[in-house]
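Engineer: So the chains spell out like this:
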Amino acid sequence: MSSFKRWCVKQSTALLLILVCLLMMAFLSVETRSFFSVKNVVNILEANSYRLILAVGMMCAIASGAIDLSMGSILSFSAICMAKAMKAEWSVAGSIMLSLALGMLMGAVNGSVIHLTRINAFIITLATSMLYRGLSLIATQGIPITKLPQLFREIGCGDIFGMESGVTMAIVITVLLIPLFYHTKWGSYVMSLGGNPEALKRSGVPIGLYRVSVFVLTGLLSAVAGIIVTARLNSAEANAGLSMEMDAICAVVMGGTAMRGGSGSLLGTVVAVFLMGLIRNGLTIMSVSSYYQQFITGAMMLCAVIIAEMRERRTRIG
Amino acid sequence: MEDLILRVTDIRKDYGHIQALQGASLSVKRGSITAVVGDNGSGKSTLIKILSGNIKPDGGSIQVGQESYGSLSIKNAMELGIRTVYQDLSLDNYKNSFENIFLGAELTRGPFLDRRAMKEEAGAILERINVAIPDLEEPVGNLSGGQRQGVAIARALRTPGKILLLDEPTAAMGIHESHSAMNILRSLKEQGMSQLIISHNIHQVFDIADYIWVMRLGRCIAGVATADTTPQQLQELILSRENQEVQ
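Chains as they are written, first to last, in my numbering: chain A, 73 to 390; chain B, 27 to 273.
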C-alpha cells in the first residue's frame, strides 16, 4: 500500500468530516445571507479557538488510553489565580506564567495520582475536576473577578492578522503538536501507552514519566485556554470552562480517535472542532431558538460520534 | 565444567500464601535450546518473569555467564544479554513492524524519529532470522500469528544478546504458524543463540530442544537430555506425585 493511500485510510474519518463541513457550509451559504462572509468565518474561528486547544490536549490524553475530565476545572482555577495575581499588582507576564505553571502542576497531580494508584483516569480526573472547581469557588466565593488590565486583554484576545490572538495561539499549538505527536519518541510512547503499556514497560521505557507528561500537557493547554476565555470575557469566574471537556471529548471521538487509545487523529480533531462550531454558528444564524439549539447540537453530535465509532470498529486493528 | 550461559539456583517466589516457586534450579548450556515443561501453575511463567527482570524473587540466585545476581531489573537483564519474547508477545498492535522492533530504542535524527533508518534495519534483522513480512508498514495487529512472533523475536534480537527466553512461543498459533515459528528458533540455534523455551507442548519440545527441564509445584524436578528420554516418560514426570531427581 502506498504511503498516501495508507494516510487516506488512517484519516478517512477526518476526510469524511471535511466533506460534511463543506456540504454544511454550502447549505448555510444558500440558506442564509450572512453565513458566507469573512466576518462570520472569523467569528467561528474566534469562538472555537480555546475549544480547539482543549480538544487537541484531550486527543493526546485519549490516545494514551486515558481521559482528562478536569480540563474545564483547571481552566477555571488557573484563570482565577491569574486574575487574582493581576489584581494583587503582579505583572501581566508574571500572572500568565503563574497560570501556566498552576495548570501544569494540576495536570502533574492528576497524572501522578493515576500512575501511583493505578486507578482509572476517568475516576481520578472526575474527582479532581470537583476538587479544582471547589478551589475556584472557595477562592472567588462565587464572585467573578473583572476589569483586568488592558495589556492582558491585548495578549488574550488582541488583534493578530485581523483575528483574535486566541486563533493564532490555537493554530500555533496545533502546528507544534503535529511533529511532537507524530514524529518524536514522546508521541510514539504516548500512543503506546494506549496501545500496550505493558509492552512499553517491558521495553524499558519509564511509563510513569510519559503518563504524567500527558496530563502536564492537558493542564498546560487548559491554562492557555483559560487565558483566552478570561481575556474574551474580561472576567475570571468559577464557572468558566464548565463542561468544556465534554465538547473536547466529543470532538476527539468524532474526529476518529478511539476511546481505548493507541492512536490519535489530530487532523480529525481539528476538523471536528470546526464542524461543531459550524453547527452552533449555523443554528444561531438560522435563528433557531436557543432552547432547541442545545438539543439539535446534542443530537447531531450523537449521530456523528456513533458513525465515527462504528467506522472505527469496522477498521479496528488486532 | 560445562559451558553454561545461565544457571538458576534455588529460586523462590511467593504471592501471598501461594508459593509459585519453591526453590527452582536449572541451567542452560551455551548454544543449546533448553525447554522447561510443566503443568499449568507449575511456576514456568513466574520463572521467565524473574529471569527477564519483571518480578523480583524472594530468594535464590541467577548466574549469567560468570556473574551471580540475587535479582534483576528489566534494564539489568537487557544489559546482561537476556532477551525475552513474552507469551502475549508484548506488541503494540497499532504500531507497524519496525516501530515495534525498535520500541523503547527508537533511532532518531535530532529530536525526530528516523523511520527510514528503523525500517531498513528492521528489514535486515527480519531477514537475518528468516522472517518474511511483505509490508513493514502494516500495523502488527493485522499480521498473522507467525509474523507477529517473528516481530517479537526480531525485537528481542535487535541488539546482540546471550540468551533468548521464550514463554509459550506457539501457544496461540495454528499448525502452519507454529511450524514457521519453530523454523525461526532452529535458524537462531544455527546462529549460536542459546534459548530457554517455556512450553506445555511436549511433542513440540521434543522436536526442537536439546535439554528439557520438568517443573512441578514450583520446582524443577528433573533435567534430561532430549535424546535420553521419551514423551511418555516426560508426561509421567509432569504428572508424577513424587519428586524425582532424574539428573
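Just to be clear, a hint being listed does not mean it is correct.
Claimed, not checked - Counterexamples of contact, computed for chain B against chain A with all Cβ distances above 12 Å:
1. Gly42
2. Gly67
3. Gly86
4. Gln92
5. Gly96
6. Asn119
7. Asn122
8. Gly130
9. Thr134
10. Arg135
11. Gly200
12. Asn209
13. His226
14. His229
15. Gln230
Unchecked claim - Straight line, CA to CA, 27 Å or less: simulated BS3-like cross-link-like pairs of lysine-lysine:
16. A:Lys77 to B:Lys82
17. A:Lys273 to B:Lys82
18. A:Lys257 to B:Lys101
None of these hints come from the bench; they were simulated from the model. Beta carbons are placed, not taken as given, at the ideal position from N, Cα and C, and that holds for glycine.
Engineer: Output the indices of the hints that this structure fails to meet, ascending.
Structural biologist: Failing hints, ascending: 6, 7, 8, 9, 10 and 16.
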